[in-house]
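Q: So the chains spell out like this:
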Amino acid sequence: MTDGDIVNGLKKGKTKALEQLIDRYGAYVSSVISRILRGRNEDCRELSADVFLAVWENREKLRAENLKGYLGAAARNKAFNKLRNEREELPLEEDMIIFDEGEQPCEAVERKETALLVNRAVNGLEPITKELFLRHYYYGQSVAEAADALGLSLSAAKTRLCRGRQTLKEILLKEGYDYGEQNCENK
Amino acid sequence: MTEIKISQLMDNYTDNEFFIDEESEVNMDKIKENVIENVSGKKTKIKPAAKIMIAVAAAAALAVGATAAAAVISGQLSDASGSIYNYEVHEDGYNISATAGNQADILTLEDGRLIFRLGDNTTDVTDLIDNQTPYIYAYTNADTGRKSYIVLGGTPEEYCMVDFSYLDGIGWSGYGCMDSIDGNAVSADVEEDVVRISFRKSYVRENGEVHPVEGGWPYHSHFIVFSDGQVTSTDVPDNWRDECMDAWLLNAMLSVDMIDPALLP
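In order, the protein sequences belong to chains A and B.
Position 137 of the first sequence, counting from 1, maps to 137 under this note's numbering, and the rest follow consecutively.
Numbering-wise, this note's numbering comes out as the position in the second sequence, counting from 1, plus 187.
Please keep in mind that the hints were generated in silico from the structure rather than gathered at the bench.
A few of these clues could be false.
[As the list claims (entries may be wrong)] Keeping only pairs whose Cα atoms sit at most 25 Å apart, straight-line, the calculated BS3-like set for lysine-lysine is:
| id | chain 1 | residue 1 | chain 2 | residue 2 |
| --- | --- | --- | --- | --- |
| 1 | A | Lys82 | B | Lys219 |
| 2 | A | Lys12 | B | Lys219 |
| 3 | A | Lys61 | A | Lys11 |
| 4 | A | Lys16 | A | Lys68 |
| 5 | A | Lys68 | B | Lys219 |
| 6 | A | Lys82 | B | Lys192 |
| 7 | A | Lys61 | A | Lys14 |
| 8 | B | Lys219 | A | Lys61 |
| 9 | A | Lys11 | B | Lys219 |
| 10 | A | Lys11 | B | Lys192 |
| 11 | B | Lys219 | A | Lys16 |
Looking at chain A on its own, in the form it has when it is part of the complex (with noise of 0.2 Å):
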């Protein structure tokens, strides 16, 4: 059965085809969110349902191409949020952009726009800083463990993330917006 077939199903209100793919991607998506909330299980059990039922609230909406990757980001999101909602915090390194007075904000922009610039500047990090940078802004590890992973010191770890924070920040500058200096020395 194809990624195509479950969404199908699904759009169909077919409730096997829900129960399909969480056979099939319920583990990754309990894997992202249990991550970033560090082992809370109650919570990832919710927000794990939680993902599921939102995509079949969606599922008219639902394409195959990129499922897994959807559904990571739903699940990614709800994370995020529920730390955000509870004011905490995963201790991620300089998780700061910052703007000049005057200068519009990146929240100001359409959603849809941001997406893109968001995704541009991400794919445009050469690769190994591409996968660090995800790792730790976008699922949650920490500096040390994307570091291990990718085989990477701490210090150039950290200093490949700097690289990274300023070509995000050039991208953004490109579309109109300025920011402040940083330093790129490791801490």
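For chain A, the structure is supplied; the task is to place chain B on it using the hints.
A: Relative to the frame of chain A, chain B by itself:
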């Protein structure tokens, strides 16, 4: 100055490349149960094959009831996959219980192809069937020793399987129909086509249209029992239909006499 979090910007990103995955201690079975309960309104579903055999047993009870005093009927049935079903029909003819054994998938969708598996036989029937063209497989029922037929039809999007076998003392009957996704009912059109093309067509050709007995239902919409070649039909109590089965399942209690000989292998 305005500050924007990178992790918040990343809300707009979708990773379709790395899929960073790790072990999770979360019990997926519980999540699945929770989700399915939520979306299905906490309905308890009977396995399709079990429902099929419930219908068969119920049909038997009602057919017998027409000529004999109401009596408890119980027994064991099997289908082509080797699944065993115990059934019991109570005196009122309404209360049916059935338990299904190991249900095997005879017709499955794999990578967009419809694969028929039974015993040593494995056939890709995707290009052999459609809504107008059945694939018919003959086999001998291990319990009764009688010849039985499996009829496949439809498309990968919606397919249908009909399994006819002999019911002791009653006649030929049995029915199954499921689609490619959830094993439940196919749309009426597909079911009607597959059943009609392979069975009803020849029966109607030989015997004319089937007319229900007084108080019964039109044969094409609800319940009919063909027993030993004698057409009998009966109404279906509402509580039954609601609790036990869907209308589609009642649609084809057929005599083997209805099989078009030209289509048999």
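Q: Now, for every hint given, state plainly whether the structure supports it.
A: Hints versus structure:
Proximity of Lys82 of chain A to Lys219 of chain B is assessed by CA-CA distance (about 21 Å); at most 25 Å being required, the pair is judged to hold. Among the hinted pairs, Lys12 of chain A with Lys219 of chain B is consistent with the structure: their alpha-carbon atoms are about 19 Å apart, no more than 25 Å. The straight-line distance between the Cα atoms of Lys61 of chain A and Lys11 of chain A is roughly 8 Å, inside the 25 Å bound, and the hint therefore holds. A distance of roughly 18 Å separates the Cα atoms of Lys16 of chain A and Lys68 of chain A; the hinted pair therefore holds under the 25 Å criterion.
With a CA separation close to 17 Å, the supplied pair Lys68 of chain A and Lys219 of chain B stays within the 25 Å bound. As the CA atoms of Lys82 of chain A and Lys192 of chain B are separated by approximately 16 Å, the hinted pair is consistent with the 25 Å bound. A hinted pair counts as satisfied when its Cα atoms are at most 25 Å apart, and Lys61 of chain A with Lys14 of chain A qualifies at roughly 15 Å. Of the pairs offered as hints, the one joining Lys219 of chain B and Lys61 of chain A holds, with about 22 Å between alpha carbons and a cut-off of 25 Å not exceeded.
The suggested pairing of Lys11 of chain A with Lys219 of chain B holds, with an alpha-carbon distance near 18 Å, which does not exceed 25 Å. Only pairs whose Cα atoms come within 25 Å are accepted, and Lys11 of chain A paired with Lys192 of chain B is rejected, the gap being roughly 36 Å. Restraint check for Lys219 of chain B and Lys16 of chain A: the C-alpha separation of about 11 Å stays at or below 25 Å, so the hint holds.
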